[in-house]
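Enquirer: In case you want the letters, here they are:
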Amino acid sequence: MQKITRDQIVSKAVSLLQDGTVSAVLGWRQGEFCYDVTPSVFNTAEDIEANFVWNDFCGANFSKYLVSKTKNIDGKLLVFLKPCDTYSFNQLLTEHRFNRESVYVVGIPCEGMVDISKVKAVSGEGIVCAESKGAGLSVTTIYDENPKEIPYAEVLSERCLNCKSKKHVAYDELLGDEGEVIDSARFDEVEKLESMTSEERFAFWQGELSRCIRCNACRDVCPACTCEKCVFDNPNSGAESKAPTNSFEEQMFHVIRAFHVAGRCTDCGECSRVCPQNIPLHLLNRKFIKDINSFYGDYQAGAEVGMRAPLVDYDLGDLEACDVFERRDSE
Amino acid sequence: MNNRAETLIPVLGVITDVRIDTPDVKTFRVVTPDGKKAFDHKPGQCAMLSIPGVGEAMFSITSSPTNQEYMEFSIKKCGCVTDWLHQAEEGQQLTIRGPYGRPFPVDDEFAGKNLLFIAGGIGLAPLRSVINYCRHYRDRYGEIDIVYGSRSMDDLVDYNEIIDEWTKDTGIRVHLTIDREQEGWNGHVGFVPSYVKELDFSTDKTAIICGPPIMIKFTLDAMIEMGFAKEQVYTTMELRMKCGVGKCGRCNIGSKYVCKDGPVFRCDELSELPDEY
Amino acid sequence: MQVNEYRPLIVAFCCNWCSYAGADLAGNNRLNYPADVKIIRVPCSCRVNPMFILRAFQRGADGVIICGCHPGDCHYTSGNYYTRRRMALLFSMLDYLGIERERTRLEWVSAAEGAKFAATMNDFAETVAALGENKRLEDLRCKK
Amino acid sequence: MQRIGVFVCWCGTNIAGTVDVAAVSEALKSEPGVVFSTNYQYMCSQAGQDIIKDAVKEHNLTGIVVCSCSPRMHEATFRKTAAAAGLNPYMVEIANIREQCSWVHKDMLTGTEKAIILGKAAVAKVNLNTPLTPGESPVTKRALVIGGGIAGIQTALDIADAGFPVDIVEKNPTIGGKMAQLDKTFPTLDCAACILTPKMVDVAQHENIRIFSYSEVEEIGGFVGNFDVKIKKKARFVKEDICTGCGACVEKCPMKKIPNEFNLGMDNRRAVYIPFAQAVPKVATIDPSACNMLKSGKCGICSKVCTAGAIDYKQKDELIEEKYGAIVVATGFNPISMDKFDEFAYNQSRDVITSLEFERLTNAAGPTQGKLLRPSDLEHPHTIVFVQCVGSRCDACAEKGKEYCSKICCMYTAKHAMLVRDKYPDTEVYVFYIDVRTPGKNFDEFYRRAVEEYGVRYIKGMVGKITPEGDKLKVQASDLLADKQLHIDADLVVLAAAIEPDKTARPLATMLTASMDTNDFFTEAHPKLRPVESPTAGVFLSGTCQGPKDIPETVSQASAAAAKVIGLLVKDKLTGNPCIASPNELMCNGCSSCERVCPYGAITYIDKEFPQPDRTVAVRRVAQVNPAVCQGCGACTVACMSGAMDLRGFMSSQIIAEVDAICK
Amino acid sequence: MRRISLYSLDSLFGEISKSMTLYIPASDNAGGAVYTKYEDGVEYLNTLNTVKSPKNFFFPHTEDLMEFKLQGKNIDILDIRQESEDFAVFGVRGCDVKSFDILDRVFLSDPVDSYYATRREHGVIISLACTKPSETCFCTTFGIDPTEPMGDISAWMTESHLYLQPVTEKGKALMSKIEHITEACDDSEVLAQKDKTKNILSKLPLKDLSTDAFGSGKTKELFDSPQWAELSQSCLGCGTCTFVCPTCQCYDIKDFNTGSGVIRYRCWDSCMFSEFTKMAHGNPRLTQTERFRQRFMHKLVYYPENNDGLFSCVGCGRCLSKCPISMNIVKVMKSLGGDKNE
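Protein chains in written order, with this note's numbering: chain A, 472 to 802; chain B, 324 to 600; chain C, 11 to 154; chain D, 12 to 675; chain E, 365 to 706.
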């Protein structure tokens, strides 16, 4: 269902590599199964032609990789960024995390990425093939050779169903057509939680966060988490923690992490994508985004390079902390 | 409560004496609260010392097993636990568990051999246990040579013991060296590896090296050049350890765990291992 | 007399220039407030890291209050404005997680407002005492 | 670990009355690090301090906890005591068990319990204290004043009189600023030029003052006591040191139709010009955009007529680099543009003018030589309407004008109205106002004279629309008190335009890392207590760059700023506050968050080399804190995600230790 | 062999939980399964694998080891262990059962880890044969027969019945307790089901994965392979693979100051974490490549070297489905295994 084809991307990558514009290409490498795709640096045209993949499972946000992959590079690194990835890209540039000159960005449109666990929930285990077919995925399993057609609406990941923007905010070159910022319903879930009682919310988060295994995948994938040394790894920070010892630790980890990325989180949704326990971590980040929008005016991290994040800014007439709940309750 | 020997639960120890060796090395004497030695050990083995709330760390036991009264640890200040220990006073309790690791083969391979000890800096700490063991059972070994080097005169650990006891023993030759010229020093000046070459030892000796990794590497190279076989050279290693019993998974070099299969390795064994250290 | 009457544990972060001086003034004027309130002096309310607040709750605090100069009066001109944003977002998030919103508070107390300081502390201590022990954000290991 | 001594003070019965001091000192004995604990009647007394000093020696203490009154009271005392005993003064912490314990709790049991906890918190903190030494930096004994209006002039004179060299940078060819354009000054009605020009001469003649006229500040680096400034001296194509200001070149210049800025374009000047007769420096300037010689190489008359040989068509901009200890901003104001106020027909009719234009119109050196003639036909106006608050006190959402009150308009309008009625009693004068604000010495009396003695017709209400019709201006207005609409046929309308900071202020603030408010007025370090200092150390504010002001206020602030500068320059060295932020470079991401929240501009970034895990070297951007500039608020420490930034004296670990001790 | 109707599954669970705590796979309300203490209202979820492996029962994610009380220079050491209670775990797949063997060789080898040993002694494993393996399954690569799942009691679930066969003494003891609600039967249906499953196994995409290139003695060959850098290049360094892995057993020991004492606890650690081997004066594994290599070298070479050729992987497929960047042991084996895995 992606509007742009693999061939278009591959030929773009190959030509940029061959004309010397870039010296390497950051892209998706085909894995064992139709749906498993690994971010990878490609150095040769042959490799790209053979192994580069672009399909409904290319969800990984490459922005964060630029911090490490551009460190010792000669020439430029070509990176393909989906619209949501470009926000992270700008935010990282705002924070001086890599050098813009060492990257060549090709923006590619995205029609939304598929959450394989949603597919499995419908098709069952044993997927051998999951291809785009019309408005859905055609899935074949070991147990059922007859392809099952599943509409995209059922299998798109949450972040894509609530896509906030199809517009690229950064690129050197764009493949396909430019999209628009979307007025999404991404805060609906947050509002639903807000309308619960305090006890219900506590029970909800206890239930969700108690599954946390502290694998740190959310942190390690997060484009806003590029600290040289994370406070959770630093014995002197007062927040070091490694394992879920009891309910407090998980809350502490997730609250501090959400606070650290507050105002910097672009809502790319990688945290929720990678969580092995399917914890809806984006609901924490979105709460901050929603609050920031409501308290201090609409703000989209990464919309432009150099923006002043809401937490390093202020206004004389800002809302008082004690009025926060009044504000929300009146909404 | 079951009666299994507990691997992770330590016993109490008390610091009964603190000796300042060098600006950054202190030697601690440790006994149990009732004044006994916490456990028996063999030369080259280690123990886990810990200060609850600060951390636990592995240290080689510097005193000789022949000392039945107490254990000693020479500790260089270089991290959380060691910083804390360095400001501890006599009477401070700590926890201790062990002994851990494979000792030097003092009673088999070493027996009857001429021994050559080579140490750099704090690397003397693990060797002191062996040296004193060999001095205690002097007749079981042949000639003993000790090459010991440090950055400066002030950084020589156990200097008094070396001068007052070791040099006076018969059949023990001590060769000291420091890295750079220094006022008041009329001994040898130069790095350990080159000094070893200079001394031109006969290759019938069994050598034991300990020191900073870079010193071990160059000394070993020098000795191979001199004609020593790797099978003749022993060394002892240090990696981050948590459990001390080969289970927590961090101190391995290849399939060997330093805490359990080491810290003492024969150099031919080491060269079988991947170059990870 | 009740022996085991529940008393909350309240940590108050006070900025050195206004609120800490306000607390001193409350003392000078002998204005009573509960001993449950323990003050930690910080140079400016903007020194208060949300981590300190969470830490206090972890360790068994039942309420945390941050006091700073009134907007416009910050000794460092803008510190309390940052505090205001940080705390607004933090408090909202804690509430979102189901932590009782009354356990946290941000108040502006000037050096001249000894009476306000005492009144604020009385009110806060009462509010927190009414909530009872902080069970939702404590670390069970720190239970005495 | 420290060796801590705990000293519990009874403060007579102030503490001992509700706190069992012996129990406190006993309880703190077993805290980690504590090796000595005692109590005494008056710890702050000489005898008490001696106990501390003796204990430091006897027990080899490395840290001190005094449980006593507020640190605001005696922290300095005990720090000195510690220093006298050979300890670093920052190894002292105070547990406030008087103001925050014994005085507010009545019950001995709870008082004692709380005192012990506060003591434990202090002990926990001292355990993590490190000796701190304040940094020192030298002071360059020269000041820079940016802006040569009355504010800059006054500041410069005061500093120079105190014996320090001062440089004034003025972007125009002459100093004098707005005041030089004024006719009379309220409420005394003395002539502006008469009181200003002697000061300008003083400046010119002062041995400690250098004037860089027709110059701009290009770059500012450094920090308090050590600013490095680059000043661009624009080419004026006249050798300043040779020109005698005789004016022969001006007279002969063929380019006669250049709008004269000094008279706000109401008359013309030549391509080579001296702004006004009393200009300082009194030298000619060639306007390169108008001069034929400079544009096409055809002319050169001025060069021919100049007997001194001062004309130099080849002159280039000159860059001057200088070091300063202090910088005073005196960039002043401008009336706002009337472009957005179409209802007042400013752009349609030449007879709708601003108050500043009116000043020139009534000034003897102005375009009409002081005769009140309306610009369109040079006829004498018989009905004049003054409109107040044009662009001041606007609704925030009006998208034009300013929210603030421009402060000076009420008084100068009263002045204008009074002067008109005085000189031309046949003229009808209306003033439309929202409020008349006259808080100032003799201000209200002045206004009342305008109304009562001079018969100026003050009407509370706003002018809705002005429509030029024939030679009249139809003024539609409302009279709020009479609740009726008014229609006045005016000959001249004078708009009291709001004032705003000069356009050069914003880029200058960026260079200075000084903060500004949303209106581009410079922010003061403290609105009440430090009104003439910028939060950026070493940067001072003089005049209207900080907010609207009249002349007396400007002059007094200018002198106040000078006093602050002198106070800084007399020091040979600046001793900093050691409790400042310091970044751990290994953990710093270089993300700029700390820089963005720093109110003092104390944080900069450098690219630094770091060895990488893969054994290569990477260059990383890391934060640097200037110890001379940082004031130690700690805003950066929370903005820093990685925790790389910490605050000495109030380190995160120390505060956490206090929290833990309290919650134990 | 005995059997019980699936309709009576609850009575079986009820019966077992009378004598010991029983854990069964149940929904985690997020699309996965989690071992949940059986009590009224807890519903059995017929799932292939739980998200977290059952190693948690014997080697918990975190466990308090001891507590210290500090007073001045003195220390008190308190053993704060509670006497372990008997428990049973139902529905452990063959791969996970095998993982206990792998963990046993670490924790029960000398010196025995008493915390683990105690839990192991008290735990009864009721395994469950697979009927619907996933495309990510490759247990057969490691010689595991998912239709013969072992444990203390082996179990098979057909469409109508649950079949139980005790394997160990512990299993027999538990069987005797549930004898009255089960019926004796022959194994014909089980055999039929095994055949059916084996047929599926032969269709699995990873069925031909070979371990030939790995095992004891392959260190030199594999350690310096240039492939490691490429394989690890996008590894995030998170601990997902480690923490879902049934055989990963690295742990950390940490102290936690509660204010009234110090608790020394043990928690899972990951060799993928950058801090894992960090010491005061350096870190022997500085790059993610080195850490990545360690994990797979350990599973495929070091562990077999120390344990009679047994690999430290059971092919459960958890890491395949959970890795954020879809890098996993299968890709490593195929890349390094050369021709054997082409």
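No lab work stands behind these hints: they were computed from the structure.
Even glycine gets a Cβ: it sits at the ideal position worked out from N, Cα and C.
It is possible that part of the hints are untrue.
[As the list claims (entries may be wrong)] The calculated PhoX-like cross-link candidates involving lysine-lysine, where the alpha carbons are at most 20 angstroms apart (straight line), are: (1) 542(A) / 675(D); (2) 562(E) / 619(A); (3) 496(E) / 700(A); (4) 182(D) / 267(D); (5) 437(E) / 40(D); (6) 700(A) / 619(D); (7) 153(C) / 567(E); (8) 698(E) / 619(A); (9) 40(D) / 433(E); (10) 584(E) / 382(E); (11) 382(E) / 675(D); (12) 584(E) / 359(B); (13) 433(E) / 400(B); (14) 382(E) / 571(E); (15) 553(B) / 437(E); (16) 496(E) / 589(A); (17) 675(D) / 145(C); (18) 153(C) / 675(D).
[Claimed, not checked] Reference listing, derived: stretches of chain E covered by chain B, where coverage requires no fewer than 3 residues with Cβ under 8 angstroms from a Cβ of chain B: (19) 438–449; (20) 473–481; (21) 666–674.
Enquirer: Now, for every hint given, state plainly whether the structure supports it.
Expert: Cross-check of the supplied hints:
no. : hint            : verdict
1   : 542(A) / 675(D) : violated, 46 angstroms
2   : 562(E) / 619(A) : violated, 24 angstroms
3   : 496(E) / 700(A) : violated, 44 angstroms
4   : 182(D) / 267(D) : violated, 23 angstroms
5   : 437(E) / 40(D)  : holds, 12 angstroms
6   : 700(A) / 619(D) : holds, 17 angstroms
7   : 153(C) / 567(E) : violated, 55 angstroms
8   : 698(E) / 619(A) : violated, 30 angstroms
9   : 40(D) / 433(E)  : holds, 17 angstroms
10  : 584(E) / 382(E) : violated, 54 angstroms
11  : 382(E) / 675(D) : violated, 41 angstroms
12  : 584(E) / 359(B) : violated, 47 angstroms
13  : 433(E) / 400(B) : violated, 26 angstroms
14  : 382(E) / 571(E) : violated, 41 angstroms
15  : 553(B) / 437(E) : violated, 47 angstroms
16  : 496(E) / 589(A) : holds, 18 angstroms
17  : 675(D) / 145(C) : holds, 16 angstroms
18  : 153(C) / 675(D) : holds, 10 angstroms
19  : 438–449         : holds (count 6)
20  : 473–481         : holds (count 6)
21  : 666–674         : holds (count 4)
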